[in-house]
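S.K.: So you can see what is in the structure, the chains are spelled out below.
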Amino acid sequence: DTGVSQNPRHKITKRGQNVTFRCDPISEHNRLYWYRQTLGQGPEFLTYFQNEAQLEKSRLLSDRFSAERPKGSFSTLEIQRTEQGDSAMYLCASSLVGFQETQYFGPGTRLLVL
Amino acid sequence: GENVEQHPSTLSVQEGDSAVIKCTYSDSASNYFPWYKQELGKGPQLIIDIRSNVGEKKDQRIAVTLNKTAKHFSLHITETQPEDSAVYFCAAGGGGFKTIFGAGTRLFVKA
Chain L
6 DTGVSQNPRH
16 KITKRGQNVT
26 FRCDPISEHN
36 RLYWYRQTLG
46 QGPEFLTYFQ
56 NEAQLEKSRL
66 LSDRFSAERP
76 KGSFSTLEIQ
86 RTEQGDSAMY
96 LCASSLVGFQ
106 ETQYFGPGTR
116 LLVL
Chain P
26 GENVEQHPST
36 LSVQEGDSAV
46 IKCTYSDSAS
56 NYFPWYKQEL
66 GKGPQLIIDI
76 RSNVGEKKDQ
86 RIAVTLNKTA
96 KHFSLHITET
106 QPEDSAVYFC
116 AAGGGGFKTI
126 FGAGTRLFVK
136 A
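Order-wise, the sequence lines are chains L and P. According to this note's numbering, the first sequence is numbered sequentially starting from 6. According to this note's numbering, the second sequence is numbered sequentially starting from 26.
Treat the hints as calculated values from the structure; they're not laboratory data. Glycine included, each C-beta is placed from N, C-alpha and C at the ideal position. You can take every hint at face value.
If you want a taste of the chain P side facing chain L, the calculated C-beta under 8 Å gives, among others:
hint, residue
1, Pro59
2, Lys67
3, Leu71
4, Asp74
5, Lys123
6, Thr124
7, Phe126
8, Gly127
9, Ala128
Straight line, CA to CA, 20 Å or less: simulated EDC-like cross-link-like pairs of lysine to aspartate or glutamate:
hint, chain 1, residue 1, chain 2, residue 2
10, P, Lys62, L, Glu106
11, P, Lys96, P, Glu27
12, P, Lys67, L, Glu49
13, P, Lys82, L, Glu106
Chain L regions said to be covered by chain P (calculated; three or more residues, Cβ under 8 Å):
hint, segment
14, 40–54
15, 107–114
I would like the entire structure built from these sequences, with the hints used as guidance.
M.R.: Next up, the structure:
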């Protein structure tokens, strides 16, 4: 399978704990995106990388959120001191930079904060 | 800010009928309009896209139309089948890196 993969698929944590999610993009793709999706809504942009550089962050991404893509391949999204409002599906997508590029999504990580 | 509105939020059709989902966007710089299908517990999957230099595109039972003047675009599914039941998202992008998604349409196809 050469699509976007995400791990874990599900995560249940207690409020105040830290969590980390991983995304492996399609191998030749140099752009990687993180989105958050809540029930009944479309994906909301959080941040994106071109190679290892984080080029944009949404105002949705509070100081408790941090994302990295250290070698321009896989990426991690960490949420510190989780809150119940962080419960959502976290989606990763990747694309090959170019004119009007298409984003391909992974299966997502569903986070539940108790 | 940029916005994509999608209607209806829920659509129920009989198997074999057609389904139409409509979207409007606000950013006039948008020039790329993908449609995604999302099944329960899965990530969105691209089903078709259209770019601003064409007005219509068809792929088997799925077609998209784009009216850039009115900032409208639509998804048409003909001869619907139960496996078409899912949530469909429109999106508008191309104004830089950002793609803005609609809130989704839950399509039910009744056998």
